[in-house]
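Asks: Taken in sequence, the protein lines are chains A and B.
For any residue, its number in my numbering is found by taking its place in the first sequence, counting from 1, and adding 38.
For any residue, its number in my numbering is found by taking its place in the second sequence, counting from 1, and adding 1.
One or more hints might be untrue.
Said to hold, decoys possible - Counterexamples of contact, computed for chain A against chain B with all Cβ distances above 12 Å:
hint, residue
1, Val63
2, Phe145
3, Gly152
4, Glu207
5, Arg218
6, Leu265
Claimed, not checked - Label pairs and their calculated CB-CB ranges:
hint, chain 1, residue 1, chain 2, residue 2, range
7, B, Arg237, A, Pro122, 57 to 63 Å
8, B, Asp129, A, Glu196, 49 to 55 Å
9, A, Ser50, B, Tyr21, 42 to 48 Å
Claimed, not checked - Covered stretches of chain B (in silico footprint by chain A; criterion: 3 or more residues with CB under 8 Å from a CB of chain A, positions within the stretch not fixed):
hint, stretch
10, 29-40
11, 96-104
12, 115-125
13, 167-176
Read the hints as simulated data drawn from the structure, not as lab findings.
Just so you know, these numbers come straight off a predicted model, no measurement behind them.
Cβ atoms here follow ideal geometry from the backbone N, Cα and C, with glycine treated the same way.
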Amino acid sequence: MSVRRLRRRLVSGTMTTLVGVLSFVAVLALLLILGHLVAKGASSLDWSFFTKNPVPAGESGGGVANAIVGTAIIVGLAALIGLPIGIGTGLYLAEYGSGRLGWTVRFVADVLNGTPSIVIGIFAWTWLVKPMGHFSALAGGVALAALMVPMLARTTEEMVRLVPHSLREAALALGYARWRTSLRIVARTALAGILTGCLVGIARVAGETAPLLFTALGNLNFSTHVLEPMQTLSLQIYVYATGPFDEWHRMAWAAALVLMGLVLILALAARWALRSRYGAAR
Amino acid sequence: MAPPADARLQLETARLTALYGRRAVVKDVSILFPTHTVTALIGPSGCGKTTFLRCLNRMHELSEGGWITGKVLLHGEDIYDPGVDAVQLRRRIGMVFQRPTPFPTMSIYDNVAAGLRVNGSRPRAQIDAAVEGALRRAALWDEVKDRLRHSALDLSGGQQQRLCVARALAPEPEVLLLDEPTASLDPTGTQRIEELLHELKTRYTIVIVTHNLQQAARVSDYTGFFYLGDLVELGRTEELFTKPTKHQTEAYITGRFG
Ligand SMILES: Nc1ncnc2c1ncn2[C@@H]1O[C@H](COP(=O)(O)OP(=O)(O)OP(=O)(O)O)[C@@H](O)[C@H]1O
Ligand SMILES: [Mg+2]
Chain A
39 MSVRRLRRRL VSGTMTTLVG VLSFVAVLAL LLILGHLVAK GASSLDWSFF
89 TKNPVPAGES GGGVANAIVG TAIIVGLAAL IGLPIGIGTG LYLAEYGSGR
139 LGWTVRFVAD VLNGTPSIVI GIFAWTWLVK PMGHFSALAG GVALAALMVP
189 MLARTTEEMV RLVPHSLREA ALALGYARWR TSLRIVARTA LAGILTGCLV
239 GIARVAGETA PLLFTALGNL NFSTHVLEPM QTLSLQIYVY ATGPFDEWHR
289 MAWAAALVLM GLVLILALAA RWALRSRYGA AR
Chain B
2 MAPPADARLQ LETARLTALY GRRAVVKDVS ILFPTHTVTA LIGPSGCGKT
52 TFLRCLNRMH ELSEGGWITG KVLLHGEDIY DPGVDAVQLR RRIGMVFQRP
102 TPFPTMSIYD NVAAGLRVNG SRPRAQIDAA VEGALRRAAL WDEVKDRLRH
152 SALDLSGGQQ QRLCVARALA PEPEVLLLDE PTASLDPTGT QRIEELLHEL
202 KTRYTIVIVT HNLQQAARVS DYTGFFYLGD LVELGRTEEL FTKPTKHQTE
252 AYITGRFG
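Next comes chain A alone, as it looks inside the complex:
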């Protein structure tokens, strides 16, 4: 008996320690990255960094205004295209997806979820950039949307499934049609969760680089034309970090800090959305 007990305590203790160490490593990694970014990048953050465009190599000064605006536009495009499709697919899967078609859609979504983003980029290039004859922000937005859709579809589905069945029945018994029950009652109850999924999805694609290399390409000038190549923070970082100049490296760190801050804000917003609405509901 006591040997067994000892063993149990030993295993329990080891596991607890192990899990503790692993989570510490995870948090430590985040802290190290953030600390490093701040140390290397914060000093370059000034007004002109946010308001000026890049200057030719060798000159000092300039900023990444074009990349910040470009990120906003391309991620905005991706959200515009990806959110409705992703949420719609998720609703469909949760509400009507019990048959063969549902199974297939779910399978495709899971495969897409695991597809490397660079592969998505290649497809976007083949289907959009090549037929159109030139790189464009639009193609970049579509590529990012394609990354977002499967993720959102699955999150939405999970969130909708969390809504108690009794709620759905109550609405139907009240004379709600099925579609109205799905939208007005079920989706609204799951809204906080869906919103969180959206924010996490946006945060994830905001930092994507690979699929944009083949689509948005990058642009040294300020551009808001969605059918032209466009710069994003991630592309800017890629160019600056792999370039030969110290000034560029400095700018890359600063841009990385801005991007990281953006993602952090989105993640925090997602947290907040989940808490403020769901505290009462569940």
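Fit chain B with the ligands to the supplied structure of chain A, relying on the hints for placement.
Replies: Relative to chain A, chain B with the ligands alone:
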């Protein structure tokens, strides 16, 4: 002015059999629910009371594999006729479930108004009046009149259940179906609901499923005893409880099984 005789035959089932797939869980049940009466359905767990109730507003067919044979007549018209729109029908037959099911994203007011709004838009004043009327009839108005815009989840369990009654009443249904409405309530909450039924029956035809025999005796005019999907006995409540004609009924109400 007395209503014509057949107007009193408001709701009626004729040889109703309810199935899940190939398994019949309600068998060949014919009951007549006279207008403005309370009928209680009792019987051991799993005997098909809920399923029967759900056939009366066509909720049963929404369950996986659910279908029926036989008829359910509302004012002599079969509600299962192909021409009848089930969604429209459910607006004429209110239902309250065992557990309170307030819509969590809606305020108290919006919960009660939900069934009204779904049936076409109408003037604001009219909705206000209907909401107040329904809350009064559900004996909840005084407790919530100052916080109609608060979340329905701020209410206690018993209040939530009365809110669900109000929500069912607001669209002015003809029939009210209650599936163990007091199962999750304390004695006070239970008493409120029972008092409510006495008042409501002057306006609605009520069918209530209950596990509580005293409750059935207190609130109902007629009682039906279900056993393994069969309607064993149906009669005036005081007769069924004092002089049951079937030995199964007697065994059940004297507590020898179930
Ligand atoms: N969705 C379903 N699918 C298949 N069978 C079901 C389903 N719901 C209920 N049943 C079966 O139908 C029978 C009757 O169930 P029902 O819920 O109508 O009983 P009940 O009399 O309401 O019981 P209780 O008093 O416990 O609520 C049971 O044997 C149950 O197992
Ligand atoms: Mg039941």
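Asks: Confirm or reject each hint.
Replies: Right, here's what the structure says about each hint:
1. Val63: Check passes; 39 Å lies beyond 12 Å.
2. Phe145: 22 Å, holds
3. Gly152: Holds, because the least Cβ-Cβ distance between Gly152 (chain A) and chain B comes to about 31 Å, which exceeds 12 Å.
4. Glu207: 7 Å, violated
5. Arg218: Violated, because the least Cβ-Cβ distance between Arg218 (chain A) and chain B comes to about 7 Å, which does not exceed 12 Å.
6. Leu265: Leu265 (chain A) is indeed farther than 12 Å from all Cβ atoms of chain B, at 41 Å.
7. B:Arg237 to A:Pro122: 57 to 63 Å: With Cβ atoms ~59 Å apart, the hint holds.
8. B:Asp129 to A:Glu196: 49 to 55 Å: At roughly 39 Å between Cβ atoms, Glu196 (chain A) and Asp129 (chain B) fall outside 49 to 55 Å, so the hint is violated.
9. A:Ser50 to B:Tyr21: 42 to 48 Å: Once the Cβ atoms are compared, 45 Å apart, the range 42 to 48 Å for Tyr21 (chain B) and Ser50 (chain A) holds.
10. 29-40: Check failed, 0 qualifying residues.
11. 96-104: holds (count 5)
12. 115-125: holds (count 4)
13. 167-176: holds (count 3)
Of the hints listed earlier, those the structure fails to meet are numbers 4, 5, 8 and 10, in rising order.
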